[in-house]
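Please model the complete structure; the sequences and the hints are all you need to start from.
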Amino acid sequence: MRVEQADGDVLQHGYDPEGLRSRLDTNGSVSHFVHDGWHIVNELDETERVQASYIRGHEWLTQLDDQGMWLIM
1 MRVEQADGDV
11 LQHGYDPEGL
21 RSRLDTNGSV
31 SHFVHDGWHI
41 VNELDETERV
51 QASYIRGHEW
61 LTQLDDQGMW
71 LIM
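Under full-length UniProt numbering, the letters of the sequence shown match residues 1 to 73, in that order.
In case anyone wonders, no lab produced these hints; they're calculated from the structure. Quick reminder that beta carbons are idealized off the backbone N, C-alpha and C, glycines included. Hints may be right or wrong, so weigh each one.
[Stated by the list, open to error] Restraint-style ranges between C-beta atoms, simulated for each label pair:
| id | residue 1 | residue 2 | range |
| --- | --- | --- | --- |
| 1 | 68 | 3 | 28 to 34 angstroms |
| 2 | 57 | 29 | 27 to 33 angstroms |
| 3 | 57 | 12 | 14 to 20 angstroms |
| 4 | 46 | 20 | 26 to 32 angstroms |
| 5 | 9 | 48 | 22 to 28 angstroms |
| 6 | 51 | 19 | 32 to 38 angstroms |
| 7 | 12 | 68 | 27 to 33 angstroms |
Printed below as a string of structure tokens:
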């Protein structure tokens, strides 16, 4: 799916055969997503370097990015 935003940014979402988001291209910068079942557990850059890890309990609890910053939900 391709989305052109009002500010000119272009986002392209890619999905696997089961409908899970597998990639995101933002103005040529590509991210890939690793799933555990239906849940995203890692976001990788074009070189497969981890950009973010998603930590779950019963629900999504927190995100740890590649800079060591936590986003608490």
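Structure-based check of all given hints:
A hinted range of 28 to 34 angstroms holds for the C-beta pair residue 68 and residue 3, which are about 30 angstroms apart. Between residue 57 and residue 29, the C-beta spacing of about 30 angstroms keeps the proposed range 27 to 33 angstroms intact. Residue 57 and residue 12 have their C-beta atoms about 32 angstroms apart, which leaves the hinted 14 to 20 angstroms range violated. Separated by about 19 angstroms at the C-beta atoms, residue 46 and residue 20 break the suggested range of 26 to 32 angstroms.
At roughly 24 angstroms, the beta carbons of residue 9 and residue 48 sit within the given window of 22 to 28 angstroms. Distance hint for residue 51 and residue 19: a CB-CB separation of about 22 angstroms, inconsistent with the stated range 32 to 38 angstroms. At roughly 29 angstroms, the beta carbons of residue 12 and residue 68 sit within the given window of 27 to 33 angstroms.
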